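S.K.: What follows is the residue order along each chain.
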Amino acid sequence: MTGVKTKATDRFTEVFGTKAGTVYQSDREGCWYIDFAGKLVKFDYRTLLLLKKSIYRVDIEQLLLDSSKSPEIEMVFICACNHCYFLNLLQIIALKELLEGTFAMLELNQILHDRLSRMVI
Amino acid sequence: MKDIMRIKCLLSADIEMLLNQQIKKEAHSSAMYLAMASWCNQNGFDYSSDYFFKQSGEEREHQLKLFKYVLDMGGRAISPDVNGIKQEYTTFREVFEDALDAEVAITQSFKNIAAACMKEQDFVTFEFLNWFMKEQREEEYKARRALELFEVIGEEGTGRWEIDKHVNKIKYDSETAGA
Ligand SMILES: [Fe+2]
Ligand SMILES: [Fe+2]
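If you read the sequences in order, they're chains X and L. Start counting the first sequence at 1; every next residue gets the next number (the UniProt record's numbering). Start counting the second sequence at 1; every next residue gets the next number (the UniProt record's numbering).
These are computed hints drawn from the structure, not numbers from a lab. There could be a bad hint or two in this list.
In silico DSSO-like cross-links for lysine-lysine, where the CA-CA straight-line distance does not exceed 27 Å [as the list claims (entries may be wrong)]:
no.	chain 1	residue 1	chain 2	residue 2
1	X	K52	L	K165
2	X	K53	L	K68
3	X	K42	L	K2
4	X	K39	L	K119
5	L	K65	X	K53
6	X	K52	L	K68
7	L	K169	L	K54
8	L	K171	X	K52
9	X	K52	X	K39
10	L	K142	L	K171
11	X	K96	L	K142
12	L	K2	X	K53
13	L	K54	X	K52
Estimated spans, in silico, between C-beta atoms of each pair [said to hold, decoys possible]:
no.	chain 1	residue 1	chain 2	residue 2	range
14	X	I60	L	S79	51 to 61 Å
15	L	I85	X	T18	38 to 48 Å
16	L	S79	X	E100	26 to 36 Å
17	L	N112	X	I60	26 to 36 Å
18	L	E97	X	E29	52 to 62 Å
19	L	E97	X	E100	43 to 53 Å
20	L	K165	X	S54	30 to 40 Å
21	L	A13	X	L116	44 to 54 Å
22	L	K119	X	D59	47 to 57 Å
23	X	T18	L	R144	33 to 43 Å
Remember, it's a predicted structure, so these values are computed and weren't measured experimentally. Beta carbons are placed, not taken as given, at the ideal position from N, Cα and C, and that holds for glycine.
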């Protein structure tokens, strides 16, 4: 089992990681793997953007102020990709942080590509 | 690390969002003109009704043009919800005032998208927008000319009947039209 995992991560590049989770990119498959909340889930271009959208849409402040729900209540996220996360408020904050870092890194990666390998002179 | 984001889509998230907002605006314009066509028809302004039917169709084409561009560039085109369409007008003139206001707002909107394209050097989309810039010249011209008929002809007596007859004849064919 561990052997399989090491082998798998060899093909992955870490995009961004926090204490709560890590996002890897697989160049070969052209997709991303998110290691979060105890599972490793594969996202392609379209579903990663859908996940970003559904997480960014959550109004965290409003949830914090909402006294009718206890913070332990878990929430369901269906991100149109055969997977759903059951997350509590803290996990939502953590996933948002992870995604923000990830998209910042992907943007940086694009800038690097533009400046270094896409130079047209 | 491969730049998958860029490989999959030419558009940045911001530009894609702006284009989707524009798609919604064009859908709204199309629905607005259709409501105007209905009102004019109900009130006996047949030529104006025809004119607005045609305008409604054109706006739908604008919507699709933008929609297909977003898809062609690898983006996510969103079919918009359209609501809040004004169905009733107090006067014949008000219809044309609203039409011109709407076209001016659309021109401004395209200018904003072009400015955003410039800022992030998306010259591909910038060039695509040229078609719309020129189209807005014509759209604003026609809407302005239509409203001017109310001054030139006047609404008294058979004035409105006369205005209605002229609306359909407005053409943007001055020297600068082709350029
Ligand atoms: Fe339009
Ligand atoms: Fe228009």
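S.K.: Of the numbered hints stated previously, which ones are contradicted by the structure, given in increasing order?
M.R.: Per hint list: 1, 4, 8, 11, 13, 14, 20, 21, 22 and 23 violated.
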